[in-house]
Structures are given as structure tokens and as C-alpha cells.
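Q: Below are the chains, spelled out letter by letter.
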Amino acid sequence: MGGGEKPQLIINGKRLDGRMPDELRPIKIEVGTIRNAVGSSYIEWGNNKIIAAVYGPKEALPKHVQDPERAIIKCRYTMAPFSSLEEHGRSGPNRRSTEISKVTKEVFENVIMLEKYPGAEIDIFVEVLQGDGGTRAAGITAASVALAASGIPMTDMPYGVSFGKVGDQVILDLNKIEDNYSDADMPIAISPRTGDILLLQMDGTLTPEDVDLGMHMVRKAGEYITKLQREALKQSYEKISEKYKK
Amino acid sequence: MQRIVVPGEKLSEKQLRIENTITDANGTYSCILGSFDEQTLSLIPLEGLWQPRNGDTIIGIVEEDRGTTVTVNLNAPYKGLIISKFLESEIKAGDIIVSTIKELEKGGTAILIRPKVLGAGKLMSVTPSKIPRIIGKANTMVKQITDGTGTSVVIGLNGLVWLSGGDVDLATAAILKIEEEAHTSGLTERVKELLDNKKMV
Chain H
-2 MGGGEKPQLI INGKRLDGRM PDELRPIKIE VGTIRNAVGS SYIEWGNNKI
48 IAAVYGPKEA LPKHVQDPER AIIKCRYTMA PFSSLEEHGR SGPNRRSTEI
98 SKVTKEVFEN VIMLEKYPGA EIDIFVEVLQ GDGGTRAAGI TAASVALAAS
148 GIPMTDMPYG VSFGKVGDQV ILDLNKIEDN YSDADMPIAI SPRTGDILLL
198 QMDGTLTPED VDLGMHMVRK AGEYITKLQR EALKQSYEKI SEKYKK
Chain E
5 MQRIVVPGEK LSEKQLRIEN TITDANGTYS CILGSFDEQT LSLIPLEGLW
55 QPRNGDTIIG IVEEDRGTTV TVNLNAPYKG LIISKFLESE IKAGDIIVST
105 IKELEKGGTA ILIRPKVLGA GKLMSVTPSK IPRIIGKANT MVKQITDGTG
155 TSVVIGLNGL VWLSGGDVDL ATAAILKIEE EAHTSGLTER VKELLDNKKM
205 V
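Protein sequences appear in the order of chains H and E. In this text, residue positions in the first sequence follow my numbering: the first is -2, and each later residue adds one. In this text, residue positions in the second sequence follow my numbering: the first is 5, and each later residue adds one.
Quick caveat, the hints were computed from the structure, so don't treat them as lab data. The model shown is predicted, which means the values in this text are computed figures rather than measured ones. Careful, some of the hints might be misleading.
Have a look at the derived ranges for each label pair, beta carbon to beta carbon [said to hold, decoys possible]:
| id | chain 1 | residue 1 | chain 2 | residue 2 | range |
| --- | --- | --- | --- | --- | --- |
| 1 | H | Asp193 | E | Met5 | 46 to 56 Å |
| 2 | H | Lys11 | E | Gln19 | 40 to 50 Å |
| 3 | H | Asn33 | E | Asn143 | 28 to 38 Å |
| 4 | H | Gly10 | E | Thr44 | 45 to 55 Å |
| 5 | H | Lys99 | E | Lys18 | 36 to 46 Å |
| 6 | E | Gly170 | H | Thr30 | 34 to 44 Å |
| 7 | E | Thr72 | H | Glu220 | 33 to 43 Å |
| 8 | E | Gln19 | H | Val62 | 33 to 43 Å |
| 9 | E | Leu91 | H | Arg92 | 50 to 60 Å |
| 10 | E | Gly98 | H | Val62 | 23 to 33 Å |
| 11 | H | Asn33 | E | Arg194 | 27 to 37 Å |
The calculated lysine-lysine pairs, modelled on DSS-like cross-linking and capped at a C-alpha distance of 27 Å, are [claimed, not checked]:
| id | chain 1 | residue 1 | chain 2 | residue 2 |
| --- | --- | --- | --- | --- |
| 12 | E | Lys181 | H | Lys236 |
| 13 | E | Lys14 | H | Lys236 |
| 14 | H | Lys240 | E | Lys181 |
| 15 | H | Lys224 | H | Lys173 |
| 16 | E | Lys126 | E | Lys110 |
| 17 | H | Lys55 | E | Lys120 |
| 18 | E | Lys141 | H | Lys231 |
| 19 | E | Lys110 | H | Lys113 |
| 20 | E | Lys141 | H | Lys236 |
| 21 | H | Lys25 | H | Lys55 |
| 22 | E | Lys83 | H | Lys113 |
| 23 | E | Lys196 | H | Lys240 |
| 24 | H | Lys55 | E | Lys196 |
Far from chain E by the CB rule (all over 12 Å, computed), these chain H residues [stated by the list, open to error]:
| id | residue |
| --- | --- |
| 25 | Pro4 |
| 26 | Leu6 |
| 27 | Arg16 |
| 28 | Thr30 |
| 29 | Ile31 |
| 30 | Leu144 |
| 31 | Leu196 |
| 32 | Thr202 |
| 33 | Asp207 |
Ideal Cβ positions, reconstructed from N, Cα and C, are used throughout, including at glycine.
Isolated chain H (complex conformation) (with noise of 0.2 Å):
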């Protein structure tokens, strides 16, 4: 992607937005945007800004895509046509999207307790307001906590984060232009309770040192992000506790 002349992405060790190659963007996540969504949540991952809501369960329609055994989980990844710098952001699904909607529901299959809801199929929707590089992590993350607030039982619940490489330099978190520039980047998603990584994808290359350095900031980097997400769905029920506490 981009073409013509390699920006420098690295500067006296720090990269372009000031941050060091180990820090995150700002996150800030919120629960019960849509209100008529079953569970829903919008997160703003630095300038990325997404809305995840859940559906269901609901019978699956058409019939034929029913399993007697568990439920099906539909997943719908979208950009804005407003969302991006670039032409990706058409309205409606594209190749891109397709994939992204694909292995978003592949991490869900993991997690969700699908053998409750025989016969159901659940809704997920990703919607990207803005997109800034890193939106499939992001959209994992907000989806996981919109189904956890849709009340759905779930192992665990998943956070997503990338990483990739600036010349020799790993870096965590990466936003548009270090996307279009850098030498390689890898979107992950774990499950936290058991260390499972869900979501695996590369562009570029890696040596095995640099996927154990970025794998070891991404963990890292999972502790805060899934302390988020707890304190983020945890909030409005406290704060009626609180108001009511002697």
C-alpha cells in the first residue's frame, strides 16, 4: 500500500504520535450506545471510533443455515463511507470487509457458549465511524464487551491488538501511516484466561525474535486493555450501587 517515498516512521526513538514502540493509543470504551441492540458498546482507540452491537439470540433465518447442535454467530464488519482517508471506506461489504467479518466471527466461535441456543443465531455488528489503522483489533475488542452487556454466557472475553516492525524496531499498536509504511504487521487477538491466541494474521515479514518481543507487548499491552473493557461494563452498575451505599 501508499507507494511513492518511504516516510521516516521512527525519530530519536520515538515514533510520529510521540508515543514510545511499546505504548498503546488512548483507549476509551463505553457500554449501551445503541439502545435498541440487545448489548452494545463504542470504543474510541485513539482516532479509530467504533460501534459494536449484538443481536439475539434469535432464530436463525433461513432455515437451512439452523444447527440443531448450537448456535450461529453472524458477524458484519463495515467501514463508514466516511470512515478513512482512503477509498476503502465504500458503503457495504467489499473483500476486505468480507475477511475482516469472517475471522471476527471465527474469535467469537471460540468464546461464546453456542451449544446453549440450539437452533439461534446471534448478530454482531462492527461498525467503523473513523478508522485509523488497527480496526479489526479494535472492533474485536468493542465487540467482546458489547456481548458480554447483551448478557450471551462467555468463556472469556476477547481483546485484539497488532503489532509490526519499522526496520529493525518492533512496534506495538500500529495507526494508519505505520500500516501503510511499515515492514510487517500482525493483528492478534487473545482470550486472557487462558492465554489462547484466537486471531492470527500477518502482511510482511517477522523473524521468530521479533514475533517473541511483539507477542510478549502484546500480552502486556492485553492486561490494561481487558482491565478496560471489565471497568468499562462494570461502571454504570456501580455507580447506582454507590448512590445507594450507607
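Following the hints, complete the assembly by docking chain E onto the known chain H.
A: Below, chain E without anything else, positioned relative to chain H:
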């Protein structure tokens, strides 16, 4: 002491058998957003769907009369079905009924018995996991609302509540308050306060 827990959060170092949890070698973890009581070791869901059981009282909206059977919308991923020969009175599409689940069939169908048509009134939907709180211990909460407002309240475990007569708006306000504050203690007194204050005005 109750605390709010989220999916994947550790509840105990020991392997405990509690509903809506998962255990592994390191301990017990929650699977839902719920309220966990350390003393009684119970995990109550704060959100979520209704899981039908035999004998549940439900409120449904009649969808279609198919001659031999009548289908009922239960506001859930399950369908209600009444076999026409057991109908005591006439039912037509659009009627709101209160009924009991006789048995659950495979494929998400619930066989209903003893349907009774509810007349004019107000139908409201609440989060099904909050219904037990609206009913209260031995019906105390719902009795309080009925006494305080003169409204007759019919509660379906599937998350639908039907109100009729008396001060319906006040009863609605009380139910919405219970739904919002279901996870706090001392709710009965606060609902009593709400009903007493509004009545004077």
C-alpha cells in the same frame, strides 16, 4: 458482600459448582455479566435471555391461528404453541395471553396450556433476568405495587409485564426503577418510598 463480575473473571481459587461458571485447574471463572455473592456463592445474571422451563408462566402475543394449532410470540428465541382442542375460549391473532408452559419440544418450541386472554391494558417489556426481583420474595414486591397503585399486574417470566387499571403510570415507574436498580439492596424500601411520595401529589 456482592460484587459485579464479567465473563472470564476469577471467582475463586477452588473448583466450585455454580451455574453460569466454568472451571479449570486454576479455579472457577464467571461466564456472564452478573452479581456474585461471596458468602452464599451464588452468581445472579444481570442481563440476558430467558431460559424456559416447564411450568413457567409467560405472557405472549398470538401470532397465527393455523386451525389445529395456534402459534404465540414469546418475545424470545422460542415459539409458543397451543393445541386448538385444548382452547377453553376463542383466541384470535393479536390477542395478548397469559399461559403456562406444559413442556418444551426440541427445536425451541414450547407447548402452552391454560391460555387466558388479557383485556385492555398496558404491555411492557423488561430484561428477563430482572423478573425475579420484580416479583420479590414470596410476591412481596409485586404485592406492594398492586396495593400502592391499585393496578393489577401480570408478570410473564419471559420478560413481559401486563398492567391494567389504577395508576398505571406509577406502576410503570416502579417497575422501571426495580429494573434499573435490581442489583442493589434495600430496594423494597425505596420502591415503597416512591409509591408513597407519588400518591400524595
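Q: Run every hint past the structure and note whether it holds.
A: Hints and how they fare:
1. Asp193(H) x Met5(E): 46 to 56 Å: Violated, at about 32 Å.
2. Lys11(H) x Gln19(E): 40 to 50 Å: holds, 48 Å
3. Asn33(H) x Asn143(E): 28 to 38 Å: holds, 32 Å
4. Gly10(H) x Thr44(E): 45 to 55 Å: holds, 54 Å
5. Lys99(H) x Lys18(E): 36 to 46 Å: holds, 39 Å
6. Gly170(E) x Thr30(H): 34 to 44 Å: For glycine 170(E) and threonine 30(H) the Cβ distance comes to about 36 Å; the hint holds.
7. Thr72(E) x Glu220(H): 33 to 43 Å: violated, 59 Å
8. Gln19(E) x Val62(H): 33 to 43 Å: Since glutamine 19(E) and valine 62(H) have Cβ atoms about 37 Å apart, the given range 33 to 43 Å holds.
9. Leu91(E) x Arg92(H): 50 to 60 Å: holds, 54 Å
10. Gly98(E) x Val62(H): 23 to 33 Å: Holds: the Cβ-Cβ distance is about 30 Å, inside 23 to 33 Å.
11. Asn33(H) x Arg194(E): 27 to 37 Å: holds, 29 Å
12. Lys181(E) x Lys236(H): holds, 15 Å
13. Lys14(E) x Lys236(H): Between lysine 14(E) and lysine 236(H) the Cα gap is close to 22 Å, so the pair holds against 27 Å.
14. Lys240(H) x Lys181(E): The given pair, whose Cα atoms are some 14 Å apart, holds under the 27 Å limit.
15. Lys224(H) x Lys173(H): holds, 25 Å
16. Lys126(E) x Lys110(E): violated, 32 Å
17. Lys55(H) x Lys120(E): Roughly 26 Å separates the two Cα atoms, so the pair holds.
18. Lys141(E) x Lys231(H): holds, 26 Å
19. Lys110(E) x Lys113(H): Status holds; Cα separation ~13 Å.
20. Lys141(E) x Lys236(H): holds, 25 Å
21. Lys25(H) x Lys55(H): Given pair lysine 25(H), lysine 55(H) is violated - Cα atoms ~30 Å apart, limit 27 Å.
22. Lys83(E) x Lys113(H): holds, 16 Å
23. Lys196(E) x Lys240(H): holds, 18 Å
24. Lys55(H) x Lys196(E): violated, 37 Å
25. Pro4: The assertion about proline 4(H) holds, with a minimum of 40 Å to chain E.
26. Leu6: holds, 35 Å
27. Arg16: At about 28 Å from chain E, arginine 16(H) clears the 12 Å cut-off, so the statement holds.
28. Thr30: holds, 15 Å
29. Ile31: Given that every Cβ of chain E is farther than 12 Å from that of isoleucine 31(H), nearest at about 14 Å, it holds.
30. Leu144: Answer for leucine 144(H): violated, closest chain E Cβ roughly 8 Å.
31. Leu196: Non-interface label on leucine 196(H) holds, nearest chain E Cβ at 17 Å vs cutoff 12 Å.
32. Thr202: Answer for threonine 202(H): holds, closest chain E Cβ roughly 34 Å.
33. Asp207: The claim stands: aspartate 207(H) keeps its Cβ more than 12 Å from every Cβ of chain E (closest is about 29 Å).
When each numbered hint is compared with the structure, violations occur for hints 1, 7, 16, 21, 24, 30.
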